[in-house]
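Peer 1: Next come the chains, spelled out residue by residue.
Protein chains: 2
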Amino acid sequence: MKNKQQNILIIGAGLCGSLLALRLGQRGYNVSVYEMRPDLRKVDISAGRSINLAFSDRGNKAMKLVGLEAQVKELCIPMNGRMIHDAHGNTFQSNYSGRSHEYINSISRGDLNALLLDEAEKHENVTIYFNKKCKSVNFEKTTALFKDYHDEDEFVEDADVIIATDGAGSVMRKSYYLAKKFLFSFSQEYLSHGYKELTILPKVNGDYKIYKNALHIWPRGSFMLIALPNLDGSFTVTLFLSYNEGKYNFNNLTTEERVLKFFQNEFPDALAVMPNLLEDFFTNPTAPLGTIKCSPWHYKGNTLLMGDAAHAIVPFYGQGMNASFEDVVEFDAVLEKHKGDWETTFYEYEKNRKKDTDAIADLAIDNFHEMKDHVAHPIFQEKRKIEMALEKEFPKEYISKYSLVTFNEAIGYREAMLRGRAQDKAILNMLAGGVISPNDDMKIVLEKVKKETEAILEDDRIAGLR
Amino acid sequence: MKNKQQNILIIGAGLCGSLLALRLGQRGYNVSVYEMRPDLRKVDISAGRSINLAFSDRGNKAMKLVGLEAQVKELCIPMNGRMIHDAHGNTFQSNYSGRSHEYINSISRGDLNALLLDEAEKHENVTIYFNKKCKSVNFEKTTALFKDYHDEDEFVEDADVIIATDGAGSVMRKSYYLAKKFLFSFSQEYLSHGYKELTILPKVNGDYKIYKNALHIWPRGSFMLIALPNLDGSFTVTLFLSYNEGKYNFNNLTTEERVLKFFQNEFPDALAVMPNLLEDFFTNPTAPLGTIKCSPWHYKGNTLLMGDAAHAIVPFYGQGMNASFEDVVEFDAVLEKHKGDWETTFYEYEKNRKKDTDAIADLAIDNFHEMKDHVAHPIFQEKRKIEMALEKEFPKEYISKYSLVTFNEAIGYREAMLRGRAQDKAILNMLAGGVISPNDDMKIVLEKVKKETEAILEDDRIAGLR
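Chains A and B are the protein sequences, given in the same order. For the first sequence, my numbering begins at 1 and goes up steadily by one. For the second sequence, my numbering begins at 1 and goes up steadily by one.
One or more of the hints may lead you astray.
Same chains, same names: a pair is fine if it fits in one copy or spans any two.
[Unchecked claim] Here are the simulated BS3-like cross-link-like pairs (lysine-lysine), alpha carbons at most 30 Å apart as the crow flies: (1) Lys-147 <-> Lys-174; (2) Lys-392 <-> Lys-448; (3) Lys-135 <-> Lys-181; (4) Lys-385 <-> Lys-209; (5) Lys-450 <-> Lys-293; (6) Lys-261 <-> Lys-42; (7) Lys-174 <-> Lys-448; (8) Lys-448 <-> Lys-293; (9) Lys-448 <-> Lys-337; (10) Lys-61 <-> Lys-209; (11) Lys-425 <-> Lys-203.
No wet-lab data here; the hints were simulated from the structure.
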């Protein structure tokens, strides 16, 4: 292929950037990656970023593309469903799917990133530079200004193409915004809630203190605690709480007494396995939860935003990493089609992809409300019971919204959202109206749900004059 | 009242700022207004801004508040409906309401602004400074930095409270964004279309060349032309067209031949009354269409964004000015309640108001599609026929979405949006399903529409678990 020797500069060696470097390395491009942080394989830099993540089918599609499926599987802890903890310490499990082969996984961000860096560096046409902070990008000239954190020197790199995978705080996206050279649509939307990471340490013998193979949730209506397992027997726990509303909030949890009282009242069973709560609480930062959307992602055939730099989302669907990995798969397919024509590649990639990343951003906010609140409602629990039964009895005929989003990587996020929301609406309304119940014959329920879902979609189409 | 002598600094003497200055002057505050432009009563500065605007009931509510209803009426040209021009030059009128006392008005931005400035300056506690450009706001210290356009001097003003009504490009909003002192949610979303202003001049005898009392629309699916009357017998015409998509777009309309051909093909009847088309087209700028949302609007009790500075919208519902005027009415009511406590006033004002300005932003985008496209669809026209009949026969029982938004100033934009959209969906679906028709007994149609609207709202409530 004629473009094998083109120079591609990638800004950011996080999960998306290191996967992209690996894939473009496999394709034979000359790839240079500049990362502001030290090499995470040599220095512990986990502080302030989420330690473990949910890994599922869309992410796995990318691992298959680069030939790492088996190696990544080694890092995974399957989570078959949500383990819901009520205020009295009672628990019940709600599976993610009625098909037993469908589950999500807890994975260490650091371990996965290290694997991708190792694999990328095996290609002699891929070079990764650490401690080099991007200061700005000149997208007209396709150059980037960096500062070396060791010697404080600033230097400019140029390339045939620059792809920024520098995360939610992307410097290249800021350059687009500030330059005002073209109409740049941009949004940053913060939730009223922030988050703080805590831990449940392993037992002295290394065992897990609570059930290993689930995503634990303590839903409390306007706030919640969750926990995901790690390979070392610990759990990473995250508290999602308003900054300034409600009786307890991050702004007023300022003393050990108040934090203890809050956990005693709301999460007594979690507190019992978190003797280290107060130290964690006052050591770890409180971080905001934001959604970022923008357009265009590219400037001509010179520069492109990918991953969180283009579309950062809140973590509640467990799809942030999976969406960024899927970006690489989608980009790779368009690149294959138009290789050599970067402008067409970038344009078509965004045109295909943005509708889906917009959808997962909105779905992730929906799931914030579902996780902290709806999962504790009887009508929602009945809906999930029906969905589990339908997925079990009719595994090829019924796919819930959660399954469409998480386990059906051949369907885009936007289609998953439209179909999934219509199904949810159909089931909830028929439950509320007494038209169906979890005790009915599921064959009949399936027909009713299908018919009502189609009617909802059709009504929406007509109302939109489409 | 104890706070009569407080100093209020207003940035921007446009429509919202001059109304606010007048109202706060009436309340006895010491008001200083700084405007970057020259005094529009002395210098013609219309270029690049829309010349005439739609004025309706929400705007009039504010004129009543400040006692200017009768004077503003003098400036108004009633528009009873849309005059739709098809591609063959045929026209038909579609009224805005079935109630004959409900219509919108075309008004000159300059004349209305001049009236508000004159009235504000009648208060000796109100001073307006022109040619003073705000460069930045220090919201911690409640000071603003200005540059004088005459002598190039920079100076700092402080005040007890700063209110920025400096429009879509607000400098204070930029100070919020850049300072990163608090979580600031912000979005700017551009449409794919831009706009350009053109004119239909009066006949030599001063008469109107096309029907005076309508908002003229030439809907063409993916683009459109509109025209609003002026008091001098002319019309201000606006072309809304994509920058880069479709056969004809702003980027490729670069020669007189192409512009003429475009108008000959698409707008022959308009072209016939626009001998000045080519001069206008190549003299006047092409401007973008954007929506701006943000939050919070205020910083503590120090500073507040109002009008377009807080929520700029696209022009398609004719509500931009009306929404900004309603801001002043809503703000005035909260001020009356909490006067002296600025932080509570600002907080409560935003809490009440933002849901409504978010809604009108979304409604305005809906109407972009309605005006350029849907108005030409048979099913949409049947819906409007039914709505006109319902409003005429049952003026107290049926209120269309357009009427809820435009003529029902006691109902907030958000409630108008939710009820209006549900009604539209009900009527369109029942028309498509053959359940109702414009020839039916309207009493029966009314009952069906009411019942179906309630069912839609209830289904949405259940699906949202509300």
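Peer 1: Please go over all the hints and tell whether each is borne out by the structure.
Peer 2: Now the hints, each set against the structure:
1. Lys-147 <-> Lys-174: Cα proximity of Lys-147 and Lys-174: in one copy and across copies (17 Å, 27 Å).
2. Lys-392 <-> Lys-448: This pair counts as within: shortest intra-copy Cα distance 17 Å, inter-copy 40 Å.
3. Lys-135 <-> Lys-181: Classified as both; 18 Å inside a copy, 21 Å across copies.
4. Lys-385 <-> Lys-209: within (28 Å within a copy, 67 Å between copies)
5. Lys-450 <-> Lys-293: Neither, since 33 Å and 38 Å both go past 30 Å.
6. Lys-261 <-> Lys-42: neither (40 Å within a copy, 67 Å between copies)
7. Lys-174 <-> Lys-448: neither (49 Å within a copy, 52 Å between copies)
8. Lys-448 <-> Lys-293: Answer is neither; intra-copy 37 Å and inter-copy 41 Å both fail.
9. Lys-448 <-> Lys-337: neither (42 Å within a copy, 53 Å between copies)
10. Lys-61 <-> Lys-209: For Lys-61 and Lys-209, the Cα distance exceeds 30 Å both inside one copy (32 Å) and across copies (64 Å).
11. Lys-425 <-> Lys-203: Cα proximity of Lys-425 and Lys-203: none, with 43 Å in one copy and 58 Å across.
When each numbered hint is compared with the structure, violations occur for hints 5, 6, 7, 8, 9, 10, 11.
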